[in-house]
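Read off the chains here:
2 protein chains.
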Amino acid sequence: MVSKTTAKFIKSLQLKKYRKQEQCFLVEGAKSVLEVLQSDFEVMLLVATQPFLDVYSLGGKLEVHVATAQQLSSLGTFKSNDAALAVVKMKEQEPFSFEQQEWCIALDDVNDPGNMGSILRIADWYGIYKVLASEQTADFYNPKTIAASKGSFCRVQAYYTSLKEVLTQYPQPVYGAFMEGEDIHKVQFGRGGMLVLGNEANGISLAISSLITKKITIPRYGKAESLNVAMATAVICDNIKRSQK
Amino acid sequence: MVSKTTAKFIKSLQLKKYRKQEQCFLVEGAKSVLEVLQSDFEVMLLVATQPFLDVYSLGGKLEVHVATAQQLSSLGTFKSNDAALAVVKMKEQEPFSFEQQEWCIALDDVNDPGNMGSILRIADWYGIYKVLASEQTADFYNPKTIAASKGSFCRVQAYYTSLKEVLTQYPQPVYGAFMEGEDIHKVQFGRGGMLVLGNEANGISLAISSLITKKITIPRYGKAESLNVAMATAVICDNIKRSQK
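Going down the list, the sequences are from chains H and U. To convert, note that position 77 of the first sequence is 76 in numbering that gives the first Met the number 0; the numbers rise steadily by one, no gaps. To convert, note that position 235 of the second sequence is 234 in numbering that gives the first Met the number 0; the numbers rise steadily by one, no gaps.
Everything labelled a hint here was simulated from the structure, so no lab data went into it.
Remember, identical chains collapse to one label, so a pair may be satisfied in a single copy or spanning two.
Below, simulated SDA-like cross-link-like pairs (lysine to any residue); rule was C-alpha separation at most 20 Å, straight line:
id : residue 1 : residue 2
1  : Lys240    : Gly221
2  : Lys143    : Ser225
3  : Lys78     : Gln13
4  : Lys240    : Thr216
5  : Lys244    : His184
6  : Lys30     : Asn198
7  : Lys244    : Arg219
8  : Lys3      : Val65
9  : Lys214    : Gly192
10 : Lys129    : Ile207
11 : Lys143    : Phe77
12 : Lys78     : Ala200
13 : Lys30     : Gly221
14 : Lys240    : Glu181
15 : Lys222    : Leu36
Work the whole structure out from these sequences, hints included.
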């Protein structure tokens with residue numbers, strides 16, 4: 000069982016204010032909870048259904064509370080959760096650094112946590128493990144970000160920072176997705192660089208635009224006005240990786 | 000103002016059962032409503048805020064009801080909608096046909112309407128205007144599909160049908176996304192064909208697998224287990240189009 004105090008604490012973590020104060024965040028659902036348990040994140044406490052605990056033997060010093068699926072769902076943000084929910088300690092953010100032959104992604108005010116999570120998943124698929132995020136970008140620890148990342152939050156690091164400061168000093172090519180850039184099918188991407196994606200409604204901000212060294216664009220063959228920022232990230236990452244073969 | 004009867008009718012269209020019965024569906028938000036008004040769909044009635052009507056002069060025989068943003072939101076599925084909502088007549092589904100140099104997409108039980116809508120948007124971006132959908136695929140007219148398509152539902156046709164029947168008779172190459180197919184960076188896609196995408200959890204079903212003439216895969220460079228079906232669609236469509244340049 001979960002005490003009222005613990006339940007209140009868990010629920011509070013749905014809000015950024017309390018996540019920041021407690022330096023903890025929520026991980027929900029079987030797949031993500033199993034991934035976080037195997038990662039180098041520190042799991043503070045676990046609430047799980049008996050069937051989940053029967054299948055996965057979770058030994059060690061972990062504080063485990065048994066709950067029904069209904070209780071579990073009422074604690075978290077998922078409509079239904081018949082498996083588990085973990086309260087996990089945030090990691091301290093390390094200063095951003097990079098290798099010469101390394102690709103990084105920078106998010107210039109990507110607002111939607113679902114998009115943020117999807118981008119983490121895409122980065123993880125394409126072997127990109129550092130994501131810079133402007134202060135206005137959706138929270139890495141938002142439950143929707145965590146859910147959409149499908150476990151990739153365990154592997155991809157986010158660095159919340161002033162993009163302007165980092166990019167001003169960044170010596171490698173900085174690629175930015177614009178409507179009027181060079182066709183990505185023709186760009187010869189290097190072995191390392193930064194890919195900047197902009198806000199869902201407004202694209203890359205003026206302040207950051209001036210720091211882009213190479214404007215690129217995804218060629219359009221039909222009539223849709225735009226692609227969603229996560230889809231655009233997937234398509235561009237695929238082109239980056241294939242141009243290095 | 001919207002009468003109680005009209006409000007009840009509009010709200011009922013959130014459910015597939017009533018959409019089917021009434022042969023009508025909902026379109027919400029400024030962008031989508033403006034697109035559907037300019038399309039060849041028949042708009043039955045419009046509920047809009049006065050500021051929206053002040054900006055866009057919507058003449059003609061259209062039945063227009065003025066509402067506050069609060070009333071508008073309570074009628075539809077959007078958390079907030081300060082613009083407009085349209086009730087639109089479904090089109091009769093034409094029988095599926097294709098040209099020799101035409102690409103089509105087939106969805107084998109893609110469950111999530113958000114994914115369905117995203118795929119319509121991607122298809123529209125890449126100039127693919129026919130999407131076959133198995134009977135279990137998310138409803139084209141679901142408000143979430145419509146919203147995620149960002150207006151592309153006006154241009155892309157969906158054909159709900161038995162994929163098995165269509166694919167059995169389809170004479171062109173049928174490509175399917177699997178974990179163990181040929182690397183899409185190496186595939187020479189033809190000028191026409193069918194791209195099959197599978198269910199979010201289970202991929203392409205066994206019955207349809209046997210009708211795939213070419214298994215393809217998106218190469219992975221990192222550790223994520225999978226890509227979301229909409230992202231996979233975007234990446235594959237991009238590779239199809241670039242291999243034809």
